[in-house]
Every structure is written in C-alpha cells, then in structure tokens.
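Spelled out, the chains give:
Number of protein chains: 2
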Amino acid sequence: MEIPVRFGNDGYTVTVERGALRRVGTLCRLDRKVLIVTDDGVPARYAEAVFAACREPYLAVVPQGEGSKSFAVLERLLTDMLERGFSRKDCVVSVGGGVVSDLAGFAAATYMRGIDFYAVPTTVLSEVDASVGGKTAINLGGVKNIVGAFYRPKAVVIDPETLATLPPRQIASGLGEAVKMAVTFDAAFFTEFENGDPLSKIDAIIARAVTLKRDVVERDEKEQDLRRVLNFGHTIGHGIESAAGGALHHGECVAIGMLPMCSDKVRARLLPVLKRLGLPTAADLDPEAVYAAMLHDKKSTENGVAAVFSDEIGSYRIETVRPEALRARIETVIRRNPA
Amino acid sequence: MEIPVRFGNDGYTVTVERGALRRVGTLCRLDRKVLIVTDDGVPARYAEAVFAACREPYLAVVPQGEGSKSFAVLERLLTDMLERGFSRKDCVVSVGGGVVSDLAGFAAATYMRGIDFYAVPTTVLSEVDASVGGKTAINLGGVKNIVGAFYRPKAVVIDPETLATLPPRQIASGLGEAVKMAVTFDAAFFTEFENGDPLSKIDAIIARAVTLKRDVVERDEKEQDLRRVLNFGHTIGHGIESAAGGALHHGECVAIGMLPMCSDKVRARLLPVLKRLGLPTAADLDPEAVYAAMLHDKKSTENGVAAVFSDEIGSYRIETVRPEALRARIETVIRRNPA
Numbered sequence: 015m016e017i018p019v020r021f022g023n024d025g026y027t028v029t030v031e032r033g034a035l036r037r038v039g040t041l042c043r044l045d046r047k048v049l050i051v052t053d054d055g056v057p058a059r060y061a062e063a064v065f066a067a068c069r070e071p072y073l074a075v076v077p078q079g080e081g082s083k084s085f086a087v088l089e090r091l092l093t094d095m096l097e098r099g100f101s102r103k104d105c106v107v108s109v110g111g112g113v114v115s116d117l118a119g120f121a122a123a124t125y126m127r128g129i130d131f132y133a134v135p136t137t138v139l140s141e142v143d144a145s146v147g148g149k150t151a152i153n154l155g156g157v158k159n160i161v162g163a164f165y166r167p168k169a170v171v172i173d174p175e176t177l178a179t180l181p182p183r184q185i186a187s188g189l190g191e192a193v194k195m196a197v198t199f200d201a202a203f204f205t206e207f208e209n210g211d212p213l214s215k216i217d218a219i220i221a222r223a224v225t226l227k228r229d230v231v232e233r234d235e236k237e238q239d240l241r242r243v244l245n246f247g248h249t250i251g252h253g254i255e256s257a258a259g260g261a262l263h264h265g266e267c268v269a270i271g272m273l274p275m276c277s278d279k280v281r282a283r284l285l286p287v288l289k290r291l292g293l294p295t296a297a298d299l300d301p302e303a304v305y306a307a308m309l310h311d312k313k314s315t316e317n318g319v320a321a322v323f324s325d326e327i328g329s330y331r332i333e334t335v336r337p338e339a340l341r342a343r344i345e346t347v348i349r350r351n352p353a
Numbered sequence: 015m016e017i018p019v020r021f022g023n024d025g026y027t028v029t030v031e032r033g034a035l036r037r038v039g040t041l042c043r044l045d046r047k048v049l050i051v052t053d054d055g056v057p058a059r060y061a062e063a064v065f066a067a068c069r070e071p072y073l074a075v076v077p078q079g080e081g082s083k084s085f086a087v088l089e090r091l092l093t094d095m096l097e098r099g100f101s102r103k104d105c106v107v108s109v110g111g112g113v114v115s116d117l118a119g120f121a122a123a124t125y126m127r128g129i130d131f132y133a134v135p136t137t138v139l140s141e142v143d144a145s146v147g148g149k150t151a152i153n154l155g156g157v158k159n160i161v162g163a164f165y166r167p168k169a170v171v172i173d174p175e176t177l178a179t180l181p182p183r184q185i186a187s188g189l190g191e192a193v194k195m196a197v198t199f200d201a202a203f204f205t206e207f208e209n210g211d212p213l214s215k216i217d218a219i220i221a222r223a224v225t226l227k228r229d230v231v232e233r234d235e236k237e238q239d240l241r242r243v244l245n246f247g248h249t250i251g252h253g254i255e256s257a258a259g260g261a262l263h264h265g266e267c268v269a270i271g272m273l274p275m276c277s278d279k280v281r282a283r284l285l286p287v288l289k290r291l292g293l294p295t296a297a298d299l300d301p302e303a304v305y306a307a308m309l310h311d312k313k314s315t316e317n318g319v320a321a322v323f324s325d326e327i328g329s330y331r332i333e334t335v336r337p338e339a340l341r342a343r344i345e346t347v348i349r350r351n352p353a
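From first to last, the protein sequence lines are chains A and B. Those letters in the first sequence? Residues 15 to 353, per my numbering, in order. Those letters in the second sequence? Residues 15 to 353, per my numbering, in order.
Be a bit skeptical, because a hint or two may be false.
Here are a few chain A residues that sit away from chain B, every Cβ distance over 12 Å (derived from the structure) [unchecked claim]:
hint: 1; residue: ARG36
hint: 2; residue: LYS168
hint: 3; residue: ILE216
hint: 4; residue: ARG228
hint: 5; residue: PRO294
Here are the computed lysine-lysine pairs in the BS3-like style, where the Cα-Cα straight-line distance is at most 27 Å [unchecked claim]:
hint: 6; chain 1: A; residue 1: LYS289; chain 2: A; residue 2: LYS215
hint: 7; chain 1: A; residue 1: LYS168; chain 2: B; residue 2: LYS236
hint: 8; chain 1: A; residue 1: LYS236; chain 2: A; residue 2: LYS103
hint: 9; chain 1: A; residue 1: LYS236; chain 2: B; residue 2: LYS236
hint: 10; chain 1: B; residue 1: LYS236; chain 2: B; residue 2: LYS168
hint: 11; chain 1: B; residue 1: LYS215; chain 2: A; residue 2: LYS158
hint: 12; chain 1: A; residue 1: LYS103; chain 2: B; residue 2: LYS236
hint: 13; chain 1: B; residue 1: LYS158; chain 2: B; residue 2: LYS168
hint: 14; chain 1: B; residue 1: LYS215; chain 2: B; residue 2: LYS289
hint: 15; chain 1: B; residue 1: LYS158; chain 2: B; residue 2: LYS236
hint: 16; chain 1: B; residue 1: LYS236; chain 2: B; residue 2: LYS103
hint: 17; chain 1: B; residue 1: LYS103; chain 2: B; residue 2: LYS158
hint: 18; chain 1: A; residue 1: LYS289; chain 2: A; residue 2: LYS279
hint: 19; chain 1: A; residue 1: LYS236; chain 2: B; residue 2: LYS103
hint: 20; chain 1: A; residue 1: LYS236; chain 2: B; residue 2: LYS168
hint: 21; chain 1: B; residue 1: LYS289; chain 2: B; residue 2: LYS279
hint: 22; chain 1: B; residue 1: LYS158; chain 2: A; residue 2: LYS103
hint: 23; chain 1: A; residue 1: LYS168; chain 2: A; residue 2: LYS158
hint: 24; chain 1: A; residue 1: LYS158; chain 2: A; residue 2: LYS236
hint: 25; chain 1: A; residue 1: LYS168; chain 2: A; residue 2: LYS236
hint: 26; chain 1: A; residue 1: LYS168; chain 2: A; residue 2: LYS103
Please keep in mind that the hints were generated in silico from the structure rather than gathered at the bench. Note that beta-carbon positions come from the ideal geometry of N, C-alpha and C, so glycine has one too.
Produce the entire structure from the sequences given, and follow the hints as far as they go.
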C-alpha cells in the first residue's frame with residue numbers, strides 16, 4: 015500500500031508492504047553516497063539489505079537507546095559524512111526505531127543545511143508514529159527532543175516482515191500509539207482492536223494509523239494547533255516514562271497516560287483493549303515523581319498545558335489546563351503496592 | 015526603508031533606517047523571554063539597547079570570531095535556553111556580525127524545532143549578506159557552514175548608525191559583497207561605486223544590495239539553482255580565505271576572488287572600484303594552498319564546481335567546470351614577492 019503525504023507541491027510516499035525492504039533500491043534513490051544509520055539492537059540484516067542496494071554505502075551503528083540522541087553522536091555522524099566527502103546530493107537512510115530515525119533525520123536536516131533523508135522503520139512504534147510527520151530531534155539536559163528540526167523524508171519504507179524479529183512487548187507498545195489514533199479520530203478503527211486478533215491484521219493497522227497521522231500532519235505540519243491532538247496520552251505519559259527511568263516502554267506509558275484523559279465511557283472500552291494487547295493500565299510509581307517529570311516536559315508552559323481529552327471514542331478535545339489540574343488525574347493510574 | 019521578503023504567504027521585513035535600533039521593540043516582538051546573542055567584539059551598547067526593550071532578556075556573549083560557530087558554543091546557547099525555561103513562544107535575537115547571526119539563527123532554528131529569530135546586524139558585511147536569505151550554520155572539521163539550516167528570521171533590523179563604530183577595513187570588506195551584487199545583477203548600481211564616494215551613500219548602498227539579494231532569495235530560497243550566483247567571487251575567494259588563515263577578511267577575499275572570474279572588460283572596471291574602496295586585488299599566498307583549500311570547500315563535488323563568471327557588468331553566467339580549470343585562474347591574483 016502506498017500512502018502519499020502532500021504539502022503543496024512537495025511531499026513523499028509511505029510504502030507499507032511485505033517485502034518492501036527487498037526493493038528498497040527502487041523506492042529510494044540509492045545510486046550515490048549513502049550513510050545508513052542503525053543501532054546495535056536492530057537485526058543487522060535489515061541495514062545489510064539497504065547496504066546491498068546502494069552504490070556507495072557507509073554504515074554507522076550507534077548504541078541502542080535514547081543515549082544516542084545526543085550532540086556527541088550527532089557530531090560523529092556529521093563528521094563521518096564530512097570525512098567521506100558527502101555532498102548536497104548524497105543522502106542518509108535510517109534503519110531501526112524512533113531513536114535512529116530522530117537522530118539520522120536531524121543529521122540529514124542539518125548537514126549542508128539539509129540533504130535527502132529516507133526512513134526504514136523496523137518497529138511498530140516508529141512505523142506508526144515516528145515515520146510520518148518529519149519530526150527529528152536529539153535530547154539535551156535530560157529533556158527529550160528539545161533540539162531538532164521539522165524535516166521531511168523523501169520516502170518511508172515500511173516492511174511488516176521486519177516485525178518478525180520484534181519482541182512481543184515492543185509490538186504491543188507500538189500498538190499503543192495506534193490505539194491512540196483510533197480513540198481520538200476513528201471509532202470504526204477502534205472496533206478493530208475490540209474484535210478479532212490485532213496481531214493477525216497488523217499490516218492493515220499500521221497502514222490505517224499512518225493514514226490517520228498523515229491527515230493530521232498534512233493540515234498542521236509544524237504543530238501549531240491540530241497536531242497537538244497527537245499528544246493524547248503523552249502529557250502524563252511522558253511524566254510516567256521519565257519517572258519509570260526506562261522500566262516502561264514509550265507505548266506502554268502512552269497507554270497508561272491515555273486513561274486519566276478519558277471520560278468514564280471511553281475508559282470502559284479502552285481498558286479491555288489495552289489489557290488484551292498486553293499493555294499496562296497503571297504504574298507502580300511515586301505520583302509526585304510523575305508530576306515533577308511532567309512539569310519538566312517541554313510542553314508545559316507558564317500559561318498551562320495543552321491537554322488532550324477524549325469524551326467519545328473517535329473524538330478529542332484540546333483544553334489548556336493548569337498543570338495542577340492533572341495532578342489528581344495522575345493518581346488514578348498509580349498502582350499502590352502494600353507497604 | 016522597509017524591504018519586504020516574501021515566500022508565498024510567509025515572509026518578513028528588513029528595515030534599513032538610521033535610529034532603527036532605538037525602536038527595536040516596535041520592530042520585533044520582545045514582550046517575552048529573549049536570548050540576545052552577541053560577541054565580545056561588538057560594542058556592548060547595541061546589545062544593551064535590545065536588552066532594554068525586552069520584557070525578560072538574557073544575554074549570551076560569545077568570543078568574537080569563527081571559533082564560536084562550533085557545536086560546543088551552540089550546545090551552550092541551547093542549554094542556556096533550556097535552563098531558563100524557554101518555550102516555543104520565546105525567541106532569540108542576534109546583535110553583531112555574520113558569526114553571531116549564523117550561530118544564533120541556528121540555535122533558534124533547532125531549539126524545540128524552531129522558535130522565533132530576529133537579526134540585528136551591525137556590520138556592513140552581515141547587513142548586506144548574512145541578514146537576508148535565512149542561511150544559518152556552524153563549522154565542523156575546519157569546514158565553514160557545513161552544519162546548519164535554512165531558517166527565516168521574523169524581522170531584520172539594520173541601523174546604519176551602528177557602522178560608526180566599525181573599523182574602516184571592515185566597512186570596505188562589507189562593501190566588497192555589495193560590489194559583487196552590482197557586478198552580477200545591476201549595472202546602474204555598479205556606477206554608484208564608480209562615481210562619488212560610496213561611504214557618503216552607504217545607507218542607500220546597503221538597501222540596494224539587500225533588495226538585490228532579496229530578489230534572488232525569493233526565487234531560490236534553498237540554493238537549488240539561481241542562488242548560486244551569490245557565490246560569485248566565493249569559489250576562489252573561500253580558498254584564499256582558508257589559505258590566509260584569518261589574515262584577510264571575508265569581503266577582501268571575495269574582492270580578490272571575483273577578479274579571475276571576470277572578462278577583461280569587466281575586470282578593467284572592477285579593479286579601480288576595488289582599489290578605491292581600499293580592497294585588495296591580489297594575495298601573497300601559495301597558489302597550491304589556495305587551490306587545495308578551494309577543493310576542500312563544500313561547493314566542489316566530484317562532478318565539478320558551479321563557477322560564476324561575469325562577462326558584462328550587470329550580468330552573470332554559471333558554468334560547471336572541473337576544479338583544475340580554476341587552477342590557472344588562481345595564479346592571476348597571486349602576488350609574487352621577490353624571494
């Protein structure tokens with residue numbers, strides 16, 4: 015399936031198709047110098063498949079995890095390109111999850127003020143979430159994605175066959191973001207999670223989630239307004255993610271973070287969907303730590319937090335609230351262990 | 015004088031006006047957190063004038079010179095903003111020359127994927143050249159401007175009164191870039207340099223050069239094609255600048271670098287103009303070193319160098335040539351000292 019993403023006269027195509035990786039050379043222009051950026055947690059054969067399709071490939075393998083979204087690693091990638099004599103006509107390809115595409119995309123966005131970038135996401139989370147929208151970034155001072163650029167890829171290649179090597183917990187985490195899209199935008203899509211086995215129709219779920227995100231990003235590329243709806247579950251979710259210190263995956267935190275923002279009616283339908291996917295619905299954390307981490311997050315400003323709520327499945331409401339207003343909501347998803 | 019720069023529905027205004035700095039608060043939205051970036055070579059009173067117009071100003075003074083266009087200094091500015099709690103709604107103002115606007119503009123372009131940026135250039139060079147066009151960058155591995163972004167300022171404020179504190183040599187260097195615009199685009203403008211004293215009409219010269227550059231940038235913001243003409247004098251000029259190791263100013267190198275790219279007819283008129291401005295017309299350098307530095311420059315690719323020539327005053331011709339073809343031309347502007 016080919017999903018076009020359009021911005022005026024510009025745009026790119028997201029291909030979602032089993033076996034797409036085998037024809038990456040026809041989906042991306044690789045007859046030039048190519049820096050392939052992957053991490054040491056991604057099965058090497060995916061980057062090798064891209065490597066084999068390039069005229070002049072160079073491979074950069076960064077350590078797995080958020081720690082690679084740093085100035086030090088960015089500078090290393092840019093220096094690699096400089097030393098290899100990369101020109102404006104050469105390109106960067108990311109192969110892996112969101113860490114790698116955020117980092118490699120930012121390197122492509124800034125090398126010579128921007129060279130071509132292709133993303134080959136290999137996790138459900140990055141396929142559903144990071145692959146569309148052109149957000150690239152690194153972290154600084156413990157704050158995620160605080161330095162970056164909006165930068166469009168030239169193409170995105172999603173091959174669901176790569177999910178065969180993905181641990182079930184990571185698949186579930188990625189589906190958490192797809193559920194988020196369904197709750198806020200698409201009631202019919204939500205029923206897909208309620209009926210039948212989501213894993214048996216994961217290709218269609220990815221394509222649908224990408225299409226929904228595309229519809230948002232086309233209307234608000236730079237997150238001025240509408241795009242904020244994509245933060246549903248993320249305000250408290252980011253607080254949980256920071257406070258958990260790596261013990262919980264991103265999509266798991268979004269799953270938990272959605273629940274306090276739902277009406278009772280929405281929550282009653284969302285809870286069984288999350289449980290069925292094996293996603294957590296509460297966290298064993300100190301609510302004060304979650305609240306403090308949420309306040310530290312870049313989206314909270316002096317004037318309040320743009321919080322996203324869902325009162326009905328398939329709809330959302332954005333409201334600027336004082337951060338304290340979210341304090342009590344955090345409590346509702348904290349699991350108290352007996353002392 | 016107000017010079018509008020338009021890109022579709024977006025754009026900004028360049029104000030060229032004596033006393034503009036005194037009303038910077040009406041030309042820029044400063045009722046928020048503002049990071050003012052200047053360098054220790056710029057008279058402090060210019061940054062202080064901006065400071066006084068802000069609701070919540072923070073001042074960052076970087077060391078004068080290209081050395082500040084580094085990852086280390088960029089990271090420090092971004093960390094400053096993060097620690098001060100800058101949000102997407104806050105902004106950055108540069109006060110000084112091209113080094114400061116390139117650096118501060120790139121910090122603004124990348125903080126939270128882009129916050130508002132204003133430029134207050136205080137040198138002729140940055141007023142004529144760096145203030146329009148949205149090129150921001152830092153250096154890496156000894157290569158200038160290799161990492162950066164195209165990022166539009168929200169407004170540019172040029173107050174020619176600030177030139178009163180500028181050394182004559184720097185004024186002449188900046189005028190070298192204005193002469194470049196005249197040679198390639200505007201024969202009538204060129205006669206302004208031939209007749210009368212350019213220094214007595216410097217406000218008008220700056221405004222005319224900005225307008226000419228605006229016309230180019232509006233048609234080719236991302237340097238796909240036409241904008242390359244602005245590199246007239248820069249291909250060999252950059253080689254001279256690197257080889258001179260700081261002994262020559264940028265506009266001086268452009269002045270020298272234009273000469274080998276001119277027809278005899280153009281050169282015959284250009285030479286006296288440059289001499290009158292006190293600009294050099296040859297360099298005491300090893301031509302091999304100039305050639306090697308030119309090859310290292312980012313604009314030379316495997317396929318050749320997009321070289322800009324002028325056969326008639328007020329016109330240009332872009333031609334892709336093998337770098338070796340420029341080797342002999344370099345010789346023509348090398349001054350051989352008797353051994």
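Here's how the hints hold up against the structure:
The Cβ of ARG36 of chain A lies farther than 12 Å from every Cβ of chain B, with a closest approach of about 29 Å, so its non-interface assignment holds. With 12 Å as the threshold on Cβ separation, the claim that LYS168 of chain A sits away from chain B holds: the shortest Cβ distance comes to roughly 14 Å. ILE216 of chain A, annotated as away from the interface, keeps every beta carbon of chain B farther than 12 Å; the closest lies near 30 Å. Consistency note on ARG228 of chain A: stated as away from chain B, and its beta-carbon is indeed over 12 Å from all of that chain's, at 19 Å minimum.
The claim that PRO294 of chain A lies off the interface holds: its Cβ sits roughly 30 Å from the closest Cβ of chain B, which is beyond the 12 Å cut-off. Our distance criterion of 27 Å between C-alpha atoms is met by LYS289 of chain A and LYS215 of chain A, whose separation comes to about 18 Å. In summary, the hint linking LYS168 of chain A to LYS236 of chain B is supported, as the alpha carbons are separated by about 16 Å, within the 27 Å threshold. About 26 Å separates the Cα atoms of LYS236 of chain A and LYS103 of chain A, which keeps this hinted pair within 27 Å; it holds.
Between LYS236 of chain A and LYS236 of chain B, the direct Cα distance comes to roughly 19 Å. Compliance with the 27 Å bound is thereby established for this hinted pair. Proposed proximity of LYS236 of chain B and LYS168 of chain B is supported: the alpha carbons are some 17 Å apart, at most 27 Å. With a C-alpha separation of about 51 Å, the suggested pairing of LYS215 of chain B with LYS158 of chain A is violated against the 27 Å cut-off. For the hint pairing LYS103 of chain A with LYS236 of chain B, the CA-to-CA distance comes to about 13 Å; that is within 27 Å, so the pair holds.
For the hint pairing LYS158 of chain B with LYS168 of chain B, the CA-to-CA distance comes to about 25 Å; that is within 27 Å, so the pair holds. The straight-line distance between the Cα atoms of LYS215 of chain B and LYS289 of chain B is roughly 18 Å, inside the 27 Å bound, and the hint therefore holds. About 18 Å separates the Cα atoms of LYS158 of chain B and LYS236 of chain B, which keeps this hinted pair within 27 Å; it holds. Restraint check for LYS236 of chain B and LYS103 of chain B: satisfied, since their Cα atoms lie roughly 26 Å apart, inside the 27 Å limit.
Between LYS103 of chain B and LYS158 of chain B the alpha-carbon distance is near 30 Å, which puts this suggested pair outside the 27 Å criterion. Simply put, LYS289 of chain A and LYS279 of chain A have alpha-carbon atoms about 16 Å apart, close enough for the 27 Å limit, and the pair holds. Proposed proximity of LYS236 of chain A and LYS103 of chain B is supported: the alpha carbons are some 13 Å apart, at most 27 Å. For the hint linking LYS236 of chain A to LYS168 of chain B, the alpha-carbon distance of about 16 Å falls within 27 Å, and the restraint holds.
Taking the CA atoms of LYS289 of chain B and LYS279 of chain B, the gap is about 17 Å. The hint holds against a cut of 27 Å. Pair hint LYS158 of chain B plus LYS103 of chain A holds up; C-alpha atoms about 18 Å apart against a cutoff of 27 Å. For the suggested pair LYS168 of chain A and LYS158 of chain A, the alpha carbons sit about 25 Å apart, so the restraint of at most 27 Å is met. Under the criterion of a C-alpha separation no larger than 27 Å, the hint pairing LYS158 of chain A with LYS236 of chain A is consistent with the structure, at around 18 Å.
The straight-line distance between the Cα atoms of LYS168 of chain A and LYS236 of chain A is roughly 17 Å, inside the 27 Å bound, and the hint therefore holds. For the hint linking LYS168 of chain A to LYS103 of chain A, the alpha-carbon distance of about 13 Å falls within 27 Å, and the restraint holds.
Checked against the numbered hints listed earlier, the structure breaks hints 11, 17; every other hint is satisfied.
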